[in-house]
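*Asks:* So the protein lines, in turn, are chains A and B.
Residue 400 in full-length UniProt numbering is what sits at position 400 of the first sequence, and the numbering runs on without skipping anything.
Residue 268 in full-length UniProt numbering is what sits at position 268 of the second sequence, and the numbering runs on without skipping anything.
It is worth saying that the hints were derived from the structure and are not from the lab.
Cβ atoms here follow ideal geometry from the backbone N, Cα and C, with glycine treated the same way.
One thing to keep in mind: the hints can contain errors.
[As the list claims (entries may be wrong)] Covered stretches of chain A (chain B as the covering partner; in silico rule of three or more C-beta atoms under 8 Å from a C-beta of chain B):
hint	stretch
1	26-36
2	39-47
3	57-67
4	178-189
5	360-366
[As the list claims (entries may be wrong)] Stretch-level coverage of chain A by chain B, calculated; a stretch enters the list once three of its residues show a Cβ under 8 Å from a Cβ in chain B:
hint	stretch
6	14-23
7	80-89
8	101-112
9	147-157
10	193-200
11	300-314
12	425-435
Here are the chains, one letter per residue:
There are 2 protein chains.
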Amino acid sequence: MTPEEFRQAGYAVVDWIADYWATVAERPVTSQDRPGTVAAGLPTAAPAEGEPVESVLADLDKLVAPGLTHWQHPGFFGYFPANTSGPSVLGDLVSAGLGVQGMLWATGPACTELETVMLDWLAQALDLPARFRSTGTGGGVIQDSASSATLVATLVALHRAGGGRWREVGVDRRYRVYASTEAHSSIEKAARIAGLGVDGVRLIEVDPVTRAMSPAALRAAIEADRAAGVVPALVVATVGTTSTTAIDPLPQIGPICAEHRVFLHVDAAYAGAAAICPELRFGHAGLEYADSYCFDPHKWLLTGFDCDAFWVADAAELVQALTVLPEYLRNAATESGAVIDYRDWQVPLGRRFRALKLWFVLRWYGVEGLRAHIRHGVALAARFADRVRADNRFELVAPHPYSLVCFRLRGPDGPNERLLAAVNSTGRVYLTHTRVAGRHTLRLAVGAPQTTETHVDEAWELISQAAALAD
Amino acid sequence: MTPEEFRQAGYAVVDWIADYWATVAERPVTSQDRPGTVAAGLPTAAPAEGEPVESVLADLDKLVAPGLTHWQHPGFFGYFPANTSGPSVLGDLVSAGLGVQGMLWATGPACTELETVMLDWLAQALDLPARFRSTGTGGGVIQDSASSATLVATLVALHRAGGGRWREVGVDRRYRVYASTEAHSSIEKAARIAGLGVDGVRLIEVDPVTRAMSPAALRAAIEADRAAGVVPALVVATVGTTSTTAIDPLPQIGPICAEHRVFLHVDAAYAGAAAICPELRFGHAGLEYADSYCFDPHKWLLTGFDCDAFWVADAAELVQALTVLPEYLRNAATESGAVIDYRDWQVPLGRRFRALKLWFVLRWYGVEGLRAHIRHGVALAARFADRVRADNRFELVAPHPYSLVCFRLRGPDGPNERLLAAVNSTGRVYLTHTRVAGRHTLRLAVGAPQTTETHVDEAWELISQAAALAD
């Protein structure tokens, strides 16, 4: 494809996306098709000869779009938001066009340096502790996801716990990882990947009301394990759990980790973005105890997936844990020690120029624009929670400090399950569920960029009507 | 940003990329700036208020582009190619615009199904063994990179070796991974991540001429380890090593793995793409023995990073090894067993709609168009190798079955190091180096989409001239 062919086709694709965004609200949020429908519409082999872009775009409309869950739909309230935005898409488009491989500073100096600066910008915008800035011993990096950040933190913790021998001799299965019973499944997955097995994870009980980790239970578990010859290696505390956005109390957890020299990773995948607003920084109290921290601009900060922002307080320790330097990657810049090679900060070797989308987002919206987006989501969630609170049929089952509301019909699970199915089958909204203290609970997570009061009110109307029929 | 604002800014960014591609050959391939130059040109904090896209594009020209290594430059001959193309960029653009999260079938049915079909298309186009097709027990998935594919293969191998106990109790440090001394550093990194440590990897000697793994040495190592109570878990064979594109002999390695029940992963990250041409499938002989296989369309198949295509023969085993199912991800489709949830096929939870760029590439070029691209690269490499062979000052240091030529000035390393530095300092071409049998060796890898005979000839002229001064 020549540059001129790309220019014409590029305009057509830009138009396609602009039109998609302008009309996404008219589509059903989720596909009603049965499994296999999309695959059945596709040929069984690639074409032998090339086809024009128009044919592909026609099939995109005919075959692909009807088979999607529309995460950017204003009625999308499932999981956590995965919001994107025009400037994010443009930054990603530049990245794709440049086709730069940022594994080493030498393979893309601007790719590396813009990333360092963007992570410093974000650290400042969120008022993260100084220890995470690149001007000291710390620094930030973009991971694909919070799962990968958790894995990297796990590996560094094992390296530290192993006293420098982990790299050579492997993992000691007496090491333990601690997280609350409400923590994300990626912690168990990381422990399994790292060779600890599920048995290497201790799930710590939570407060029955706040759903936050009990510091007393954490201390008791660590002390009992130490007494038994088990080695506490890592605590993962969560700011904004996936089920209910509970906030583990860092001011109490941090000193326990410090006392027992346990690596502390803080996973704020969804809720961290809220800290761009000074009044929403409460979850970060005690963050100065953390050895590493992450949040996902790709969840709630208008930056498309994948963009997890991950910081460590000791970058040298991270690099020691992960570096491998074969001859074909040696270069003068690396050997000067004056540059960052981000391949040593992550699991894969290769990496895209993802800092561009952060740069486009931060410059287009500015810090104030992003604050407005966060505050809008929090206000919409509060509006919805007010509706729930005012209706005696329903109960709120957890605090809603951010933009997620957890609620249910009072009483047994069955009607709640039917309510969820009924509401989602309208195609107008999409909610997901969780279990809180064993009870089936509906989750309404606000954050799609086009969601307004109208959409939240419509969601409530649909829920309220369906509730009447769900008993 | 409204859809209309996006439309206008989108045209501008498309123009920027078209102009970049049209003029990239005029830029120096690598930046001549010192470390810190880009960072020094950026503000120390994000702007408080938003700025127009034009300001960002101006800074892209002024600050970022001069600080890049231009991987799409026709004079880029370093590492392996990371080529992209117009249709790949357009597919990625659609993906960014949709902003779909493909972790589960339910979160993006078309995202999942198009990926399954694209991996089947690729398997057919490369004539991979039937065991990897989704129509049987196998199937394919997109990983971000071959490093991650190697890690996933390592985890499945450990799961299998552990007889189903690895998930719970963790890794047994008696497990061993085998690869040749020429294999990629990601194998050691994967073993370290998986908790085996460097000590868990046995590097098997290679044939001194072909640089391919010695099957006799592999057998001897496995038998000695078994006799010593060590458990062989995984062999990673490489088709097209990073240093010299050596091809480990699968027809001999496969039966050894089968006999000792060792998981066999085949890493064809770079060279696998060549198999789209029937006459270049020699490296895949014996692939029917493999439990898993990967290659990178993002290296040499005109598809932008990240796009590693990874197949397994037993998808159920892979899912068993990696699945974690918390309540908030439960859904009817998953529980029906009728769908693929690709989150269980990879390390992270989240995933982008990367199949779109493969779809755009396969349809725009067709299989014949992609064959022409591969054949073009192989012919250019052969042309360059002929120049080297005809000049008595130089020697070819390894076979060049694909599009990488490894060569050096006869004699000591010093002149070769100076030659490489001199040639790269011209800014017209960029080559990297390796060590072959301990000797400093230059690598010229063809594959950037704009590279033609003119550029290869210019590279030779620069090398030939610099050689006269390098002694």
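*Asks:* Which earlier hints can't be squared with this structure?
*Replies:* The structure breaks none of the hints.
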